[in-house]
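Novice: So you can see what is in the structure, the chains are spelled out below.
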Amino acid sequence: MSCLRFVFPLLLAAPLFAQEGHGVTPADIERGGQVYMTNCAACHGPDGDTVPNVNLASNRFRHAATDQELIGIIQKGIPGTPMPPGNYTDAQAGVIVAYLHSMATATKTVRSSANPGDAARGKAIVEGSGQCRTCHRIGEEGSFAGPDLSDIGRSRRAADLERSLTDPDAEIRQDNRTVRAVRGDGSKVGGLLLNQDTYSLQLIDAAGKLVSLDKSKLREFEIMKTSPMPSYKGKLSDQELADVVSYLASLKGGSR
Amino acid sequence: MIPRTATLALLLAAALPAQVSFDRILHADREPQNWLTYSGALDGQRYSKLTQITPANAKNLELKWVLQTRTPAEPNSKYEATSLVVDGVMYTVQPPNMVVALDAASGRIFWTHAYTPSPAARLCCGRVNHGLAILGNTLFMGTIDGNLIALDARDGHQIWSTVLGKPEAGYSVTLAPLVVKNMVIAGPAGGEYGISGFLAAYAAETGKEVWRFNTVPKPGEPGHETWPGDSWMHGSGSIWNTGTYDPDLNVIYWGVGNPGPDWNGEVREGDNLYTSSVIALDADTGNLKWYYQFTPHDEFDFDSTQVPVLADITWQGSPRKVMLFANRNGFFYVLDRVTGKFLLGKPFVKVTWATGIDADGKPIRVGHSTPEGMLVYPNNQGGTNWYNPAYSPRTGLFYIPSWMDTSSINYERREPYKEGNQFNSGVATHDVAALVPARNNKRLPEAGWGAIQAVDPHTGGVKWQFKMTDVTDSGVLATASDVVFAGGREGYFYALDAKTGAVLWKSMVGGQVSAGPVTYAVDGKQYVSSPAGNAVFTFGLRE
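In order, the protein sequence lines correspond to chains G and X. Following the working numbering, the numbering of the first sequence begins with 1 at its first residue and continues without gaps. Following the working numbering, the numbering of the second sequence begins with 1 at its first residue and continues without gaps.
One or more of the hints may lead you astray.
What the hints assert, rightly or not - BS3-like cross-link-like pairs, simulated, lysine-lysine; straight-line CA separation at most 27 Å:
#1 Lys225/G / Lys350/X
#2 Lys525/X / Lys215/G
#3 Lys499/X / Lys215/G
#4 Lys225/G / Lys442/X
#5 Lys166/X / Lys217/G
#6 Lys215/G / Lys506/X
#7 Lys218/X / Lys215/G
#8 Lys166/X / Lys76/G
#9 Lys442/X / Lys217/G
#10 Lys209/G / Lys442/X
#11 Lys252/G / Lys442/X
#12 Lys506/X / Lys217/G
#13 Lys217/G / Lys467/X
#14 Lys218/X / Lys341/X
#15 Lys225/G / Lys467/X
#16 Lys442/X / Lys188/G
#17 Lys467/X / Lys188/G
#18 Lys215/G / Lys350/X
#19 Lys499/X / Lys525/X
#20 Lys215/G / Lys442/X
Stated by the list, open to error - With the C-beta cut set under 10 Å, the calculated list includes, among others, these residues of chain G facing chain X:
#21 Val24
#22 Thr25
#23 Pro26
#24 Ala27
#25 Ile29
#26 Asn59
#27 Asp67
#28 Ala98
#29 His101
#30 Glu171
#31 Gln174
#32 Asn176
#33 Val189
#34 Leu192
#35 Gln196
Hints are computed from structural coordinates only; laboratory data are not their basis. For each residue, glycine too, the CB sits at the ideal point set by N, CA and C.
Please put together the full structure from these sequences, using the hints given.
Specialist: Below you can see the structure in the form of structure tokens.
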């Protein structure tokens with residue numbers, strides 16, 4: 001079943017997150033990043049600069065002057081070069097283009113660790129002293145309080161993972177927001193925000209319970225702008241950090 | 001006992017729909033049981049004189065019927081059509097171009113006409129249609145592959161078809177046409193494809209062009225001097241929403257779309273007339289009477305495609321024929337519609353691209369799109385957009401579906417024009433999806449939210465505001481019993497108190513409301529109806 005789990009998001013989710021008109025949202029870019037990391041990074045590298053004389057993060061493309069032409073290259077390849085055709089819809093190719101543009105404008109605040117790290121040692125830290133599964137799930141193990149890391153290596157670069165470990169507040173993705181609320185009787189409830197509208201909030205708590213709250217019956221609620229995750233800066237050595245990053249980058253969703 | 005032949009004649013008379021003369025459309029307020037034109041009447045007010053549904057009994061509204069689309073919706077193909085209702089028959093357009101005639105009381109289908117658009121059709125923002133126009137026994141529809149077609153309202157067969165532009169070059173027709181006299185007024189969308197925009201009148205009987213006004217003036221036409229070099233050739237000025245008509249002045253008013261390319265203004269230095277403007281044209285000749293440009297040299301995609309709402313109000317003590325215009329650029333305007341004179345301009349949402357409007361009606365600009373990106377409030381979708389406002393002469397309030405506190409970062413790039421490709425020369429990034437909401441809303445409140453706002457035209461001040469967590473692409477409908485109907489992206493459809501904004505009733509319809517609601521009556525019973533998601537939902541009072 002491991003394959004199906006990832007085929008579906010690519011086939012179904014991409015059109016839903018399609019680049020809309022002439023604007024893009026963070027969701028488009030995230031989806032484009034996932035497709036890029038899965039299908040493009042093997043040759044172009046996570047930063048888009050491993051093919052000689054090609055820098056996808058430069059916003060300059062030798063064979064394409066417009067986004068439409070970029071989409072054409074992603075779909076048809078470049079004859080006479082190793083760039084192969086790809087079986088993408090316009091919408092899927094569109095979100096890859098959105099991601100490529102975001103690579104050019106993103107501020108690169110951290111660099112990938114020069115140390116490749118040892119994934120096996122990293123796994124031991126994640127499952128042991130790091131206590132990561134207190135909040136995160138990997139495969140069937142762990143909690144629902146934080147983002148599921150089972151396939152984190154498919155969507156995040158090593159540099160992104162390292163930054164999340166040392167500076168959790170630097171970037172909180174839309175899917176990883178937490179919400180805290182106080183009910184009318186004073187009891188507290190919180191978890192990962194799943195959805196909201198004018199009258200209600202939907203969340204999943206640490207135990208994996210799906211909770212829907214009527215806003216009018218809450219004393220207060222807040223979508224958190226900071227991460228509840230502790231920083232591992234100074235808590236892990238540079239080597240341990242590299243090991244953990246190496247392990248997380250290896251998680252591609254095959255564990256269930 | 002009635003003779004058999006007489007019975008037959010009576011039955012036939014009942015079965016045959018009365019012709020919709022232009023006189024009926026001119027005086028649509030005399031038959032509020034019908035919805036004869038896009039905005040309900042030619043003044044664009046989307047105000048109904050029906051009063052059966054009131055603030056007191058709106059809580060008793062219940063679902064009467066649902067019309068589902070026959071085919072699954074395509075991505076981005078929202079149901080944006082305003083329905084027409086003529087003597088108990090509803091005409092609607094399922095996206096992209098499937099016309100359905102149905103019993104407005106029961107939802108049962110009489111006929112369906114599935115127009116098959118060319119596969120060459122390309123649209124920036126979804127394969128959509130805003131609805132139909134009717135005259136006599138003929139319906140008129142724009143098609144996403146650039147045509148205007150006429151259909152027989154009795155059986156749906158096609159009568160004529162006229163080309164407005166070729167789809168390979170990005171021309172499409174998504175608006176609901178407007179019937180004026182014996183003409184059908186329409187123009188092409190395609191503002192993101194570098195088209196040459198125009199508004200034209202076509203003979204209702206034949207589809208033959210009567211007149212054409214170029215929204216991007218060609219060499220020798222006034223306004224051409226606002227385009228350097230050959231930049232006018234791909235200057236867009238698309239037409240993609242419905243205008244209004246003042247019969248006393250014999251003037252047609254229409255909002256014009258953005259200039260092309262959208263974000264890089266360096267290649268088209270100048271005001272770029274008549275993009276992001278409202279134009280006032282002589283109805284018989286198409287000659288320009290006046291124009292007002294809301295966003296000169298637009299670099300933020302602020303199409304002025306909104307419905308120009310016509311109202312006769314007392315302005316500073318004197319009766320005045322005005323136009324009320326809530327613009328995508330975030331300002332609410334009052335113009336004198338006889339002369340085009342600027343009377344008032346005030347932001348109705350957070351605006352940062354301009355600090356205000358000077359005494360002459362020109363925006364006081366701050367910055368422009370850059371390669372590094374410029375943060376702009378409101379976002380690329382604007383403070384409002386094509387979704388229609390409403391005006392109630394009873395409350396004197398103008399109701400705007402508003403996007404509050406939204407922003408974009410606008411990036412300018414250099415792109416050559418290539419026929420059929422999008423010609424944007426840049427991109428906007430924003431937290432709020434432009435067209436179709438994500439299934440789950442996990443945004444922070446400061447990323448923006450939606451509201452129905454009631455604005456006092458005399459001051460531009462907000463009298464009340466109904467807040468929604470997500471934004472809204474829904475049109476607004478006002479009635480003479482002081483009820484306002486509207487929806488939002490969250491899938492709620494609301495009845496609000498027109499005087500206070502209080503929620504009188506709501507229904508979760510499970511899909512975004514991105515069309516204009518209408519109200520009508522059959523056999524003395526009032527209905528309110530709106531598409532949402534992939535279906536049309538129609539409500540009436542519990543009996």
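Novice: Determine which of the earlier numbered hints do not hold for this structure and return their numbers in increasing order.
Specialist: 2, 5, 7, 30, 33
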